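A.B. asks: Given these sequences and hints, build the entire structure.
Quick mapping for you: the protein sequence lines, in order, are chains A and B. Take the first sequence: its letters are residues 1 to 116, numbered as in this note's numbering. Take the second sequence: its letters are residues 1001 to 1115, numbered as in this note's numbering.
Heads up, a few of these hints could be off.
Covered, in the sense of this in silico footprint (three residues per stretch, anywhere, with C-beta under 8 Å from a C-beta of chain B), are these stretches of chain A [claimed, not checked]: (1) 8-22; (2) 69-78; (3) 86-95; (4) 103-109.
For the record, the hints were derived by calculation from the structure and aren't laboratory data. Model, not experiment: these values are computed from the prediction. Backbone N, C-alpha and C fix where the C-beta goes; we use that ideal spot for every residue, glycine too.
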Amino acid sequence: DGGITQSPKYLFRKEGQNVTLSCEQNLNHDAMYWYRQDPGQGLRLIYYSQIVNDFQKGDIAEGYSVSREKKESFPLTVTSAQKNPTAFYLCASSIGGTGLSNQPQHFGDGTRLSIL
Amino acid sequence: AQTVTQSQPEMSVQEAETVTLSCTYDTSESDYYLFWYKQPPSRQMILVIRQEAYKQQNATENRFSVNFQKAAKSFSLKISDSQLGDAAMYFCAYRMWRGAQKLVFGQGTRLTINP
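C.D. replies: Spelled out as structure tokens, the structure:
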């Protein structure tokens, strides 16, 4: 079955350490997204990519980095510059980059990141 | 910039009854999409219903329906015959008609179903 796979499910980061969250999709979607969810809050956009080898900052990009070398993959690195990384991270994809489409985003199951 | 507001942090309803969750949004665009997503305790985001702004008819999916008031920029979700499995966080989301398909989310409403 097609879907989005995020790994790991739980991740712990030490002070000063960079960690990378994996997101893989086999839906043949052009666009991919990373959202952050803090307790009791909605999702906020970190980065998004509409096509391979291209990505844009979202609303809260500071302290994060991404790459989009393959259509299927959109890894997120939480750098040591992100001083409050503890949150739930959700990856999503959608069928179109900038075209007209009423198709919704599909979401992965998320990664919970905590500070040690 | 577009914003989405859900003014009810928590709601509760008796099983089998009807509940309405509120959502308002702000945009200068005339065409856009609106969505309701459900997030159960498993944290998975599940699409409940979608609405294209150009459509006057309110969207319906089984027990779920919306009341879309474009002039008032209001997009409420009605759940009929509430079931225990409906208990979740519900998020309202906005997406532009053209361009990047990124979503702008509201803060969410936690819905509790009382047996």
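A.B. asks: Each hint needs a verdict: does it hold in this structure or not?
C.D. replies: Each hint tested on the structure:
1. A stretch counts as covered by a chain when three or more of its residues have a beta carbon under 8 Å from one of that chain; for the region 8-22 of chain A and chain B the count is 0, and the coverage is violated.
2. Requiring three or more residues with a Cβ within less than 8 Å of a Cβ of chain B, the coverage given for the region 69-78 of chain A is violated, as only 0 such residues are present.
3. For the region 86-95 of chain A, the proposed coverage by chain B is satisfied: 4 residues have a C-beta within less than 8 Å of a C-beta in that chain, meeting the threshold of three.
4. Counting residues of the region 103-109 of chain A whose C-beta lies closer than 8 Å to any C-beta of chain B gives 4; at least three are required, and the coverage claim holds.
Hint compliance for this structure: hints 1 and 2 are not met, and every other hint is.
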